[in-house]
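Novice: Below are the chains, spelled out letter by letter.
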Amino acid sequence: MKITPDETIIWHHGFIIINLTIVITWVLMLVLVIGSALITRQLKTDIFISRWQCILEMIITGINSQIKEIGLSDSEKYIGYLGTLFLFIAMSNICIILPYYEPPTGSLSTTAALAVSVFFAVPAFGIMNGGIVGYLKSYTKPSIIMLPFNIIGEFTRTLALAVRLFGNIMSGGMIVAILLSISPFVFPVIMNSLGLLTGIVQAYIFSVLATVFIAAAVHESSSETL
Amino acid sequence: MDNVTIIAVASIVTAGLTTAIGCMVPALSEGKAVSKALGSIAQQPDAAPTITRTLFVGLAMIESIAIYCFVVSMILIFANPFWTHIIAK
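Here the protein sequences line up with chains A and B, keeping their order. Going by my numbering, the first sequence opens with residue 1, and the numbers climb by one from there. Going by my numbering, the second sequence opens with residue 1001, and the numbers climb by one from there.
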């Protein structure tokens, strides 16, 4: 049984291996980039706008208001990163309704890469807001005793982010595969629709957690400089 | 029993126990969290969006414990390192 799409190798030459995860990730990235480029090519401020522009505006304002509610008041600075995370994960989880599709988030390498990007984005945004000293001082809050725990927390939450997304999506696919061999007619459909719900919730959770981490770093490092 | 049988028995039993216990306890705590949140929403319907968002994040945190157990049992069954080590010998 294939657990992750990493094991489906499409092309390899020497140590370069192109597996299904890489291919699907690039296809999704191209769809997202080309789609939004086509939509934003002719933006209008009329009363009558195209329906694609309408849905794009709804997505953007929705993400913006969510980021603001969590506590990052200047959300336009962060939406480039957080919105991309959400859109990519949501897109890759929704597409499981397509036949012969394997979600790239069901492979630990993809989720680990996303989690590592969060790991580096948190200090980047923190330093951008409060300077290096302000950011480093945020590790010694509330007192210097918490320094090792804060540092350990940085790593464990990165691991938790990666394994949470991977486990949820992989288990969804695996349950469908197991049910297909037991009762192949109705139940896989129900579990697949449950997988759609889980996919959206996990995409939301991943981006909300990234926002919470960034908000904590930004607030703690900028309150020092005030 | 030879080594292969011992490893197989231990892996299968441990995988079952891991998923069983690791689903039981998070299920209890998720029920607790949801019941608390429903009570809070009933008391203060104005705060429903905030409570729901926090509830979802908390539920995901709790659920990830169950997911860790599931991943461990999946590794034990489908990608057992000890099994492959013994077989390769």
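Note that these hints are calculated values from the structure, not bench results. This structure is a prediction, so every number in the text was calculated from the model and none was measured. For glycine and all other residues, C-beta sits at the position ideal for the given N, C-alpha and C. Among the hints, erroneous ones may be present.
Which chain A residues stay away from chain B? Per the calculated CB distances, all over 12 Å, these [stated by the list, open to error]:
(1) His13
(2) Leu56
(3) Ala90
(4) Ala160
(5) Thr198
Here are the simulated lysine to any residue pairs, SDA-like style, with alpha carbons at most 25 Å apart [said to hold, decoys possible]:
(6) A/Lys68 / B/Arg1053
(7) A/Lys2 / B/Ala1047
(8) B/Lys1036 / A/Lys141
(9) A/Lys68 / B/Lys1089
(10) A/Lys68 / B/Val1057
(11) A/Lys77 / A/Cys95
(12) A/Lys141 / B/Met1061
(13) B/Lys1032 / A/Val212
(14) B/Lys1036 / A/Leu209
(15) B/Lys1032 / A/Asp6
(16) A/Lys68 / B/Ala1079
(17) B/Lys1032 / A/Leu194
(18) A/Lys2 / B/Arg1053
(19) A/Lys77 / B/Val1057
(20) A/Lys68 / B/Lys1032
Novice: Evaluate each hint against the coordinates.
Specialist: Status of the hints after comparison with the structure:
1. The claim that A/His13 is not at the interface with chain B holds, since no C-beta of that chain comes within 12 Å of its own (minimum 26 Å).
2. Interface exclusion of A/Leu56 from chain B stands, the closest Cβ pair being 23 Å apart, more than 12 Å.
3. Distance check for A/Ala90 against chain B: the nearest CB is about 15 Å away, which clears 12 Å, and the non-interface claim stands.
4. Consistency note on A/Ala160: stated as away from chain B, yet its beta-carbon is not over 12 Å from all of that chain's, at 6 Å minimum.
5. For A/Thr198, the non-interface assignment is contradicted: its Cβ lies about 9 Å from the closest Cβ of chain B, within the 12 Å cut-off.
6. With a C-alpha separation of about 13 Å, the suggested pairing of A/Lys68 with B/Arg1053 holds against the 25 Å cut-off.
7. The suggested pairing of A/Lys2 with B/Ala1047 is violated, with an alpha-carbon distance near 45 Å, which exceeds 25 Å.
8. A distance of roughly 30 Å separates the Cα atoms of B/Lys1036 and A/Lys141; the hinted pair therefore is violated under the 25 Å criterion.
9. Only pairs whose Cα atoms come within 25 Å are accepted, and A/Lys68 paired with B/Lys1089 is rejected, the gap being roughly 58 Å.
10. Our distance criterion of 25 Å between C-alpha atoms is met by A/Lys68 and B/Val1057, whose separation comes to about 16 Å.
11. The suggested pairing of A/Lys77 with A/Cys95 is violated, with an alpha-carbon distance near 29 Å, which exceeds 25 Å.
12. With a CA separation close to 23 Å, the supplied pair A/Lys141 and B/Met1061 stays within the 25 Å bound.
13. For the hint pairing B/Lys1032 with A/Val212, the CA-to-CA distance comes to about 24 Å; that is within 25 Å, so the pair holds.
14. Restraint check for B/Lys1036 and A/Leu209: the C-alpha separation of about 22 Å stays at or below 25 Å, so the hint holds.
15. About 38 Å separates the Cα atoms of B/Lys1032 and A/Asp6, which puts this hinted pair outside 25 Å; it is violated.
16. Pair hint A/Lys68 plus B/Ala1079 does not hold up; C-alpha atoms about 43 Å apart against a cutoff of 25 Å.
17. Distance restraint check for B/Lys1032 and A/Leu194: the Cα-Cα separation of roughly 22 Å lies within the 25 Å cut-off, and the hinted pair is therefore satisfied.
18. At most 25 Å may separate the alpha-carbon atoms for a hinted pair to count; A/Lys2 and B/Arg1053 exceed this at roughly 35 Å.
19. Restraint check: the Cα-Cα separation between A/Lys77 and B/Val1057 comes to about 23 Å, which is no more than 25 Å; the hinted pair holds.
20. At roughly 29 Å between alpha-carbon atoms, A/Lys68 and B/Lys1032 are farther apart than 25 Å, so this suggested pair is violated.
In summary, the structure is inconsistent with hints 4, 5, 7, 8, 9, 11, 15, 16, 18, 20 from the numbered list given earlier, while agreeing with the others.
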